[in-house]
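A.B. asks: Sequence:
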Amino acid sequence: VGAAPIDGIPRLTFGFHALDAGFDILPVLIGLFAISEIIKAAKSRGEPQGKVLQDFHIKGFGFTLQEFKSQIGNFFIAAAIGTGIGILPGIGGTLASVVAYDQQKRAAKHPENYGRGELQGIIASETANNATIGGALIPFLALGIPGDTVTAALLGGLQIHGLDPGPILFSRHMDMVYGVFVAFILSCVVMYVFMQFVGTYVFPVALRLQKKYILPLVMVMSLIGCYNMEYSMMAVWVALAFGVLGYVLKKFRYPLMPLIIGLILGPMFERELRLACIQAGGSFAEFLSSPIALVFLALTVLSLAVALRKGALLRKG
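According to the working numbering, the residues represented by the sequence shown are 35 to 351, in order.
Simulated from the structure, these hints should not be mistaken for lab results.
Among the clues, some could well be false.
Said to hold, decoys possible - Here are the computed lysine-lysine pairs in the DSBU-like style, where the Cα-Cα straight-line distance is at most 35 angstroms:
id : residue 1 : residue 2
1  : Lys285    : Lys246
2  : Lys74     : Lys344
3  : Lys139    : Lys103
4  : Lys77     : Lys246
5  : Lys77     : Lys245
6  : Lys285    : Lys350
7  : Lys77     : Lys143
8  : Lys74     : Lys245
9  : Lys103    : Lys344
10 : Lys139    : Lys285
11 : Lys350    : Lys139
12 : Lys344    : Lys285
13 : Lys74     : Lys285
14 : Lys246    : Lys284
15 : Lys284    : Lys143
16 : Lys284    : Lys245
17 : Lys344    : Lys284
18 : Lys139    : Lys245
19 : Lys143    : Lys350
20 : Lys139    : Lys246
21 : Lys350    : Lys74
22 : Lys139    : Lys77
23 : Lys103    : Lys77
24 : Lys245    : Lys143
25 : Lys284    : Lys139
26 : Lys143    : Lys74
27 : Lys74     : Lys139
28 : Lys350    : Lys284
29 : Lys139    : Lys344
30 : Lys143    : Lys344
31 : Lys103    : Lys143
32 : Lys285    : Lys77
Required output: the full structure, derived from the provided sequences and hints.
C.D. replies: Dropping the structure here:
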């Protein structure tokens, strides 16, 4: 939906100029995940609710040494996924969390437990999400290409001070590069200290509140956040529309993740595909001439084959 890349022809706008820019990903995510849950909770009004948390205490770090040791492999795999996706410009932590979570769920012995607070899924998702920041710094510092909104803001800050990220930054302003490294490490430490000694005690208090008090506040804050993006009601209507869509998909047990991945990667995929086709004179043969492209195509086919085989085995079992 929106103007096509390269030529700018509007598609699926039905004459509404508000759709010329397409759908921004943030209102879509808010609608699919937040508003759809509010609609679901409103639909289930009158049904018995689960036990509301009344007493909550954390001992030590909140996890045992054995749990930490058992998740070391999960840490490294999710960190590698997050770093790799972070290196690719414009993708961000949302897709990294989804991919890491999905890969961990595929490898789990009991995937039916995922979505209910499974430790492996939480660790994979959050580790990959955090790892994308470090990955995004690689093309940013080495090539001057911002990998996400954080590095884009950092790029603007450096340019204000007359600094351009790239190879020249390493040769002329190495002190600045070391400063970025130190600041990144300190931010990780500060985040851990805050979440461990403040967040783990403050945030669970929200679990003591009943949904009828929380959900209206979530609804209002979500819609205000959508409106504040561009000070336009269009983002609010998009969030509400995708909230209804998300509720319908969940009701009929359709997964939301393929939709999210398509919305995130679709515009980038189409833009780069069309640019590559223009450079190749309209021939798709060029996509098979690069060893790197062939490796990624082979990995895609292998991933699809494994998924199909696993689905067939589950249906037989």
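A.B. asks: None of the hints should be skipped; say for each whether it holds.
C.D. replies: Now the hints, each set against the structure:
Restraint check for Lys285 and Lys246: the C-alpha separation of about 21 angstroms stays at or below 35 angstroms, so the hint holds. For the proposed pair Lys74 and Lys344, the alpha carbon gap of about 31 angstroms is at most 35 angstroms, so the pair holds. Among the hinted pairs, Lys139 with Lys103 is consistent with the structure: their alpha-carbon atoms are about 19 angstroms apart, no more than 35 angstroms. Taken as a hint, the Lys77 and Lys246 pair is honoured in the structure, with Cα atoms around 12 angstroms apart against an allowance of 35 angstroms.
In summary, the hint linking Lys77 to Lys245 is supported, as the alpha carbons are separated by about 13 angstroms, within the 35 angstroms threshold. About 25 angstroms separates the Cα atoms of Lys285 and Lys350, which keeps this hinted pair within 35 angstroms; it holds. Taken as a hint, the Lys77 and Lys143 pair is honoured in the structure, with Cα atoms around 33 angstroms apart against an allowance of 35 angstroms. Under the criterion of a C-alpha separation no larger than 35 angstroms, the hint pairing Lys74 with Lys245 is consistent with the structure, at around 12 angstroms.
Distance restraint check for Lys103 and Lys344: the Cα-Cα separation of roughly 28 angstroms lies within the 35 angstroms cut-off, and the hinted pair is therefore satisfied. As the CA atoms of Lys139 and Lys285 are separated by approximately 22 angstroms, the hinted pair is consistent with the 35 angstroms bound. For the hint pairing Lys350 with Lys139, the CA-to-CA distance comes to about 19 angstroms; that is within 35 angstroms, so the pair holds. Of the supplied pair hints, the one linking Lys344 and Lys285 holds, its CA atoms being roughly 25 angstroms apart against a limit of 35 angstroms.
For the hint linking Lys74 to Lys285, the alpha-carbon distance of about 9 angstroms falls within 35 angstroms, and the restraint holds. Distance check on the hinted pair: Lys246 and Lys284 sit about 21 angstroms apart at the alpha-carbon level, within 35 angstroms; holds. Of the supplied pair hints, the one linking Lys284 and Lys143 holds, its CA atoms being roughly 24 angstroms apart against a limit of 35 angstroms. At roughly 19 angstroms between alpha-carbon atoms, Lys284 and Lys245 fall within 35 angstroms of each other, so this suggested pair holds.
Of the pairs offered as hints, the one joining Lys344 and Lys284 holds, with about 23 angstroms between alpha carbons and a cut-off of 35 angstroms not exceeded. About 28 angstroms separates the Cα atoms of Lys139 and Lys245, which keeps this hinted pair within 35 angstroms; it holds. Pair hint Lys143 plus Lys350 holds up; C-alpha atoms about 17 angstroms apart against a cutoff of 35 angstroms. Among the hinted pairs, Lys139 with Lys246 is consistent with the structure: their alpha-carbon atoms are about 32 angstroms apart, no more than 35 angstroms.
Proximity of Lys350 to Lys74 is assessed by CA-CA distance (about 32 angstroms); at most 35 angstroms being required, the pair is judged to hold. Using a Cα cut-off of 35 angstroms, the hinted pair Lys139 and Lys77 holds, with the two alpha carbons roughly 29 angstroms apart. Annotation: proposed proximity of Lys103 to Lys77 is violated, straight-line Cα distance about 42 angstroms (limit 35 angstroms). A threshold of 35 angstroms between alpha carbons decides the hint, and for Lys245 with Lys143 the separation of about 32 angstroms falls inside it, so the pair holds.
Using a Cα cut-off of 35 angstroms, the hinted pair Lys284 and Lys139 holds, with the two alpha carbons roughly 19 angstroms apart. Only pairs whose Cα atoms come within 35 angstroms are accepted, and Lys143 paired with Lys74 is accepted, the gap being roughly 29 angstroms. Annotation: proposed proximity of Lys74 to Lys139 holds, straight-line Cα distance about 25 angstroms (limit 35 angstroms). Our distance criterion of 35 angstroms between C-alpha atoms is met by Lys350 and Lys284, whose separation comes to about 25 angstroms.
For the suggested pair Lys139 and Lys344, the alpha carbons sit about 12 angstroms apart, so the restraint of at most 35 angstroms is met. About 12 angstroms separates the Cα atoms of Lys143 and Lys344, which keeps this hinted pair within 35 angstroms; it holds. Annotation: proposed proximity of Lys103 to Lys143 holds, straight-line Cα distance about 18 angstroms (limit 35 angstroms). Taken as a hint, the Lys285 and Lys77 pair is honoured in the structure, with Cα atoms around 11 angstroms apart against an allowance of 35 angstroms.
Hint violations for this structure: number 23 only, all remaining hints satisfied.
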